[in-house]
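Enquirer: Sequence:
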Amino acid sequence: MAIVLGTPAVDELGNVVRALREWQDDAAPIQLHPGDLGWFWRFGAERTAAATRTWSRDGDVVAAGMLDEPELIRLAIRPDLQHDEELAQQLAEDVSAPERNVLIEGKVYVEAPMGSLVQDLLFKDGWMTDDPWVPLRRDLSEPVPDPGLRVDVIGAEEAHERTGVQRASFDGSTFTDARWHAMADGVPYADARCLVGRNEIGESVAAVTVWSAGEGRPGLLEPMGVHRLHRGRGYGQAITVAAARALQDMGSSSAIVCTPGFNVGAVATYKAAGFEQLPDKRDLYRND
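If you read the sequence shown in full-length UniProt numbering, its first letter stands for residue 1, the second for the next number, and so on.
It should be emphasised that the hints constitute simulated quantities derived from the structure, not laboratory data. None of these values were measured; they are calculated from a predicted model. Each residue gets a CB set at the ideal place from its N, CA and C atoms; glycine is no exception. Heads up, some of the hints might be wrong.
Cβ pair distances, simulated, as ranges [claimed, not checked]:
hint, residue 1, residue 2, range
1, N101, D146, 20 to 26 Å
2, D25, A2, 24 to 30 Å
3, E85, P143, 17 to 23 Å
4, E158, G115, 52 to 58 Å
5, H181, G14, 17 to 23 Å
6, D11, E157, 41 to 47 Å
Just need the whole structure built from these sequences, with the hints factored in.
Expert: Right, here's the structure in full:
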């Protein structure tokens, strides 16, 4: 049966989220997580659907991709099909041909699971490796200690605090209250929490959103930030520990996060919070 490339309708996104949940496994390469789709959902369901691609065989989704940008697609592949030749060849062809409506013309990027066959095919076809990303994981089989910081779970009434910390953590952030509500209305947010850390006088100093993929599966931190006026006081480490603890409460087997290799401060923060640094991940790119 042929593999079919598609763009899901809004009411079909739930099927994509379910597939991504099922594909999360501590024994498999880190790949696109339902939380990645959930974080993108802040732009609305319609835009999320338009940025999603699926590859199906016999009616079953066997791979999925999310266009973080028109020139970057992040792929997830069903674990038992990471080395399926037919699927890898179809993925490689589809991301390489602008007329397939996956990536645009020009310089484009593909993030695929490390060690997957599609990576090998793209590399042999002249794609090159980009700058490294650092994945980190914390095992949650043992109790996670108290973070030593007051941490509140944020709901709709406190959304402005979560968005305010985000904008104060990342230059150019466009995370508004309206976008928080759009994210919270998304299918993946049913298994997510927004956390805000407060200092001794109650100010919002750090924030994180955590995404569960279900009982016994890896959960994701995306994103985590510390307010620019409150840095250098250990709040990043504390809110990261709180994130791991929240995922443990939600039944996650581990907590995962990925940060650019040049962000040595973030890597140090995650390691101080008990995360183990894993081998680097690298996107592939081609500049036509």
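Enquirer: Any of the earlier hints contradicted here, and which numbers?
Expert: 1, 3, 4 and 6
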